Amino acid sequence: MTAQEQETIFRRWLDAHLGLMLKIVRGCAAAPPDQDDLFQDVLLQLWLSIPAFRGEAKETTWIYRVAFNTALAWRRGERRWRVGHETFLKFDVSPQSQPSHADALPAQEIVEELYAAIRRLPKVEASLALMLLDGLSYAEMAEVLGISENYIGVKLNRIRKQLADQMKGAVNEL
Amino acid sequence: MNFEDLQKAWQLQDVGARVTINAAALMKEVRRNQRQFRGTIFWRDAREVGVAAFLTWLFLHWGIRDHDWSLYLLAFGCFFVGAFIVVDRLVRHQRRPVMNDSLQACLESALTQVNHQIWLLKNVFWWYSLPIDIGLGGFITKQAWQERHAGLAAMAGLAGYALFCVLTGWGIYWLNQFAVRKELEPRRQELQTLLADAGSPTIKSETKNPTMKITMLISVLLVAMLTAGVLIASNTAVANDAPSQSLEVIRKKHDLPALAVVVVKNGQICDRAAAGIRKQGDPTPVTTNDVFHIGSCTKSMTATLTAMLIEAGKLRWDTTIAEVFPELKGKMNKQYETVTVEQLLHHRGGVPGEPPPAAWKRAWEQNGTPTQQRRGFIAAVLARPPAATPGTKMIYSNQGYAIIGAILEKIAGQDYETLITEKLFKPLHMDTAGFGPPGTTDKVDQPWGHLHKLFLTIPVQADNPPAIASAGRVHCSLDDLARFAMLHLQSPTNGLLRPETLARLHTPTGGGDYACGWVVLPRDWAGGTALMHNGSNTMWYVVMWLAPGNNFAVIAATNIAGPDAEQGCDDACVAMINKWLAK
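Residue numbers (the working numbering), protein chains in the order written: chain S, 1 to 174; chain D, 1 to 583.
Next up, chain S with everything else stripped away, as it sits in the complex (with noise of 0.2 angstroms):
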């Protein structure tokens, strides 16, 4: 494979798949320094990776196996070869809607405490915990995470009624 053709890839999901990457990242560290440090880890990994993508698997399943494991892999505060890097995400933190009306809780805010809930989850079931808001099936968290599907549906149950729980005490904050 050329560096052309690594480029153009990279480029490609990065255009298509930039939302994926930033919420696992996301989902896994709460500081904006933090974030940006495992983002620019997960690019680096997936840009290594591409020379041994064939497309056997769907581009998304690879990059949520590159981005978990580099998530999982990842500590925060632990810069083992980076030197002073520039940062590139500019998370844009500033709320961008007013509520319409006063009882209605501002999506803004239910996400922001859904990312905070997935990060209190254990690391493997915060995994579980986007790629079950994202919609995948069974068959794909299955392919991502190298278990059974069975496993999978008892661990949502428990997830699904995590999250719930922990949301209902937001909202009621809120």
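None of these hints come from the bench; they were simulated from the model.
Take these hints with a grain of salt, some might be off.
Said to hold, decoys possible - List time: in silico PhoX-like cross-link candidates among lysine-lysine, alpha-carbon distance up to 25 angstroms:
id, chain 1, residue 1, chain 2, residue 2
1, D, Lys423, D, Lys314
2, D, Lys8, S, Lys58
3, D, Lys334, D, Lys393
4, D, Lys182, S, Lys123
5, D, Lys8, S, Lys123
6, D, Lys579, D, Lys265
7, S, Lys123, S, Lys58
8, S, Lys161, D, Lys8
Unchecked claim - Here are some of the chain S residues that sit facing chain D, going by a computed Cβ distance under 7 angstroms:
id, residue
9, Leu22
10, Ser49
11, Ile50
12, Pro51
13, Val66
14, Ile110
15, Val111
16, Leu114
17, Tyr115
18, Pro122
19, Lys123
20, Val124
21, Leu133
22, Arg160
23, Ala164
Please read these numbers as outputs of a predicted model, since none were measured by experiment.
The C-beta atom is built at its ideal place from N, Cα and C for all residues, glycine as well.
Please build the complex by placing chain D on the supplied structure of chain S, with the hints as guidance.
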């Protein structure tokens, strides 16, 4: 709010819109990260393997230079550690986690890696410390054996060194165990929890594997013993086989720049050979006519010159220092006043083996004529108390022979260099004889001396200061040195000294073996006693062996000093003795 509502809100988020990204800069950064990532890995490996390879080469080089099996052992230890790291890296590289694997597979390989790292660090003694310790142990043991007569201080030094090695080894072990506790164990716990979460059975750790340890211990010991055995055997074989070797083989074996030998039998030069190069880094070969610096062999010549002046009636064997230098009375230590010429020739005048530091420093500055330098130098030596009561003890001393040189100059009214050239070199036709480094400065028209600096061999053109010229600054070809040897073998060609004078020069006093510029030793091959002297200004080495009983002499020279130079010259002499005296 139910789960479906949450999911709906989640999927409606426009995460990308809230992020600004500069694709070109990002691309650049990814590439930079990739380079840095690969660079970090590469330099880590290169550092470890590079250090091991360098140390292997260094100890091997020293081992070959000094023929020291303990250094081979150390080299082997370093090689083992380096090879172990390389093999381990290669094996681990194949099993490293692949990021596009499923989470479970990736976690499993990560856990396997961490387990392996823990195993490595827990067993650091077996694969790291032990191979190097075997080498260090061998080295220390060998040194201790060699220094067993050197007294308590040397032993204490070695013991301190051994203790330092043990403490360092312990420190390395402790650091590794600390890393296991602080870093790797928590990581393993974390990975195990993650794997349990992902519904995978735990992976058995590698930490408890006593058979592995024993296998490694035995293999390290076996290979080390084998290496040592092979090397000792090969060295012995070479040593036993010496007579059949050419000079070049001996030179190569001892890693000398050049090696030359000359043999005298029945009043003529019957054999001569030279091998190697004049100067390290220059291809010019050494020849049998080349000039070598003879160092302390100069003392034999100074003693001979003294005897010639005695025969001429200018001096007596019992002439005292005070007689020659009445002007030094009062400035000279009283005990030196009655020291005789013969005592000085026997190194029994009480003159210290080490020069007074300030005078030695001045000698190097070389202010004034050589005669003035010598007079200043010996005045400083004689002003200090002797190292022993004169006449009671043999103390090998360049200073003593410097005093003789000054005495001869004073008596003859000529500087030492002119005097010995006129009286000794010219009558013996020693046309190449001179003083200081042979040859022209910066030219390779004659051999250069060589110094060992760390692990390098550096060619030099340098010598001791003229203040001690009469103790060791002469250079000449081996043929010329052979002509001087023939004088002492009482060859009929020259009648420079009477037989009884030669006999007196060859007779030690005080129960020792040092005569006048000659060491007198019993040797079977010499048919009784042999006369020997060697010399080195730390850049050259020459040894002369004379067997008056056989009318035989062998002289070997090399343009480097040290144990290898001595052994190489000895080997060359032995080969010639076997060749010419066995018949």
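Verification of the hints:
1. D:Lys423 - D:Lys314: 13 angstroms, holds
2. D:Lys8 - S:Lys58: 24 angstroms, holds
3. D:Lys334 - D:Lys393: Satisfied, since the Cα-Cα distance of roughly 18 angstroms is no more than 25 angstroms.
4. D:Lys182 - S:Lys123: 22 angstroms, holds
5. D:Lys8 - S:Lys123: 23 angstroms, holds
6. D:Lys579 - D:Lys265: 12 angstroms, holds
7. S:Lys123 - S:Lys58: 23 angstroms, holds
8. S:Lys161 - D:Lys8: 16 angstroms, holds
9. Leu22: 5 angstroms, holds
10. Ser49: 5 angstroms, holds
11. Ile50: The hint is violated - isoleucine 50 (chain S) has no Cβ within 7 angstroms of chain D, the shortest such distance being about 10 angstroms.
12. Pro51: 11 angstroms, violated
13. Val66: Status holds, d = 5 angstroms.
14. Ile110: Check passed: Cβ of isoleucine 110 (chain S) comes within 5 angstroms of chain D, closer than 7 angstroms.
15. Val111: Nearest chain D Cβ about 5 angstroms off; hint holds.
16. Leu114: 6 angstroms, holds
17. Tyr115: 9 angstroms, violated
18. Pro122: 6 angstroms, holds
19. Lys123: At 6 angstroms from the nearest chain D Cβ, lysine 123 (chain S) passes the 7 angstroms test, so the hint holds.
20. Val124: It holds, given that the least Cβ distance between valine 124 (chain S) and chain D is near 4 angstroms, below 7 angstroms.
21. Leu133: Hint holds; leucine 133 (chain S) Cβ to chain D Cβ min 4 angstroms, cut 7 angstroms.
22. Arg160: 5 angstroms, holds
23. Ala164: With Cβ-Cβ at 6 angstroms, under 7 angstroms, it holds.
In summary, the numbered hints that this structure violates are 11, 12, 17.
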